[in-house]
Structure formats: C-alpha cells, structure tokens
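Engineer: Using the sequences and the accompanying hints, generate a full structural model.
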Amino acid sequence: EVQLVESGGDLVQPGGSLRLSCAASGFTFSQYEMNWVRQAPGKGLEWVSYISTSGGSIYYAESVKGRFTISRDNAKNSLYLQMNGLTVADTAVYYCARDCGTTSCYTPHFDIWGQGTMVTVSS
Amino acid sequence: QMTQSPSSVSASVGARVTITCRASQDINSWLGWYQQKPGKAPRFLMYSGSILEDGVPSRFSGRGSGTEFTLTISKLQAEDSATYYCQQANSFPLTFGGGTNVEIK
Numbered sequence: 001e002v003q004l005v006e007s008g009g010d011l012v013q014p015g016g017s018l019r020l021s022c023a024a025s026g027f028t029f030s031q032y033e034m035n036w037v038r039q040a041p042g043k044g045l046e047w048v049s050y051i052s053t054s055g056g057s058i059y060y061a062e063s064v065k066g067r068f069t070i071s072r073d074n075a076k077n078s079l080y081l082q083m084n085g086l087t088v089a090d091t092a093v094y095y096c097a098r099d100c101g102t103t104s105c106y107t108p109h110f111d112i113w114g115q116g117t118m119v120t121v122s123s
Numbered sequence: 001q002m003t004q005s006p007s008s009v010s011a012s013v014g015a016r017v018t019i020t021c022r023a024s025q026d027i028n029s030w031l032g033w034y035q036q037k038p039g040k041a042p043r044f045l046m047y048s049g050s051i052l053e054d055g056v057p058s059r060f061s062g063r064g065s066g067t068e069f070t071l072t073i074s075k076l077q078a079e080d081s082a083t084y085y086c087q088q089a090n091s092f093p094l095t096f097g098g099g100t101n102v103e104i105k
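Chains as they are written, first to last, in this note's numbering: chain E, 1 to 123; chain G, 1 to 105.
These are computed hints drawn from the structure, not numbers from a lab.
These numbers were taken from a predicted model, which means no experiment stands behind them.
There's no promise every hint is true.
Claimed, not checked - The list that follows gives simulated cross-link-like pairs (lysine-lysine, DSSO-like), each with its CA atoms no further than 30 Å apart:
1) 43/E x 105/G
2) 65/E x 43/E
3) 43/E x 40/G
4) 105/G x 37/G
Structural biologist: What follows is the structure, encoded as structure tokens:
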C-alpha cells in the first residue's frame with residue numbers, strides 16, 4: 001500500500017523551532033518529487049515547499065522562505081521540514097504530499113497525501 | 001493567484017454542479033482539482049484541466065485552458081459532499097484556489 005505518514009507536530013512557542021518528518025512506503029521514494037502543503041484551521045490549502053528527487057531543486061512559498069528548510073533522505077525513504085522562527089500564522093495541519101509531475105501528471109500535482117500532523121504555535 | 005466561485009453551493013442528489021476556477025494569468029492547461037472531506041486529507045481528482053485520476057468516477061469532468069476552468073459533477077451523489085480546490089501547476093509558487101464547499105440539500 002502506498003502510504004505517507006507524517007510526524008513531529010507539536011505545540012511550540014512563537015519564535016521556536018520544529019522538525020517534521022514524513023515516512024514513505026509502498027513506492028520507490030527516490031523516483032518522486034515531494035512537497036509539503038499546509039492547512040490552517042478552518043482555512044484552505046497552502047503549498048509550502050517542493051523538493052526534487054535528488055534534492056537539487058527546491059522551492060518555497062514566500063511566507064516561509066528563509067525560515068523553513070525542506071530536505072529528504074532517499075536511503076531512509078523520508079522527507080523532512082525544518083521550521084524555524086515559527087509564528088502564530090504557521091499554525092496548521094502540515095501534509096506531506098507526493099508529486100506526480102514527472103511520473104504521470106506532467107506538472108506538479110499531489111497524488112498521494114499523508115494524514116497530516118498538527119503544528120500549533122502559541123504562547 | 002487562483003479564484004474559485006462560488007465559495008459554496010447547495011444542490012440536490014442528481015443535480016449538475018459546476019465550479020469555476022480563474023487564474024490571474026495564463027496557465028495553459030496546467031490545472032488540477034482536489035476533493036477534501038472534513039477531517040481528511042485531500043484527494044487528487046484531475047490534472048491537465050480534464051484528465052481524471054484512476055478511480056475517480058466519470059460523473060466528474062473538467063474543462064478549460066488559459067485562465068478559466070470548470071469542474072462539473074454531472075449527477076451529484078451524497079458522497080460528493082466536500083470542499084473542492086483547484087491548483088495551478090504552471091509555475092512556482094504552486095497555488096490553490098480558495099475552495100468551494102459543495103453541500104447536499
């Protein structure tokens with residue numbers, strides 16, 4: 001079964017840091033680009049970051065640029081998101097999402113999603 | 001920037017529902033659609049504006065190119081109650097529309 005499982009979400013104070021992880025299984029992780037997408041409580045979806053298969057190409061949303069760092073370890077079938085300088089506006093469910101852009105859907109779309117991990121930034 | 005309309009629609013089972021997604025610039029046909037039910041992760045429905053993902057019922061269809069796109073549910077079913085999002089894949093940053101809540105009367 002193709003699966004993505006996020007972990008690492010927590011309650012953190014403003015200005016704090018957190019590292020999210022996403023464990024992939026059921027597919028050849030190294031062949032897929034990956035993304036993080038978040039959803040604030042009661043709000044819509046917001047793309048956060050993209051990483052290519054090798055990690056050589058990375059993009060960020062303007063709202064997180066300079067504060068968040070995406071990375072991957074293909075040997076461990078894992079995706080990560082290091083989040084620094086957290087603010088209340090970063091409170092959201094964070095989803096790990098597989099990108100089908102170079103395998104089946106031509107451009108970056110998210111065909112497999114994890115269940116999400118909740119990040120709450122509050123004092 | 002992606003703009004969806006309406007933000008909410010209520011329709012009866014069997015009805016035809018159409019959601020519009022407008023892009024602030026030409027995105028060719030690089031548009032996807034997602035369905036999200038409360039408390040669940042989104043489900044990928046469609047890409048390139050009109051190509052259904054495997055397993056997506058044929059009552060879902062998409063049209064459009066350039067700046068205007070539509071998602072149509074031809075015969076609404078109770079299980080289609082959800083929020084639908086469009087997403088442009090023409091360039092980074094990838095962006096979603098604000099969502100359309102589809103409710104069953």
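Engineer: For a quick check of understanding: which of the numbered hints are violated here, in increasing order?
Structural biologist: Violated: none.
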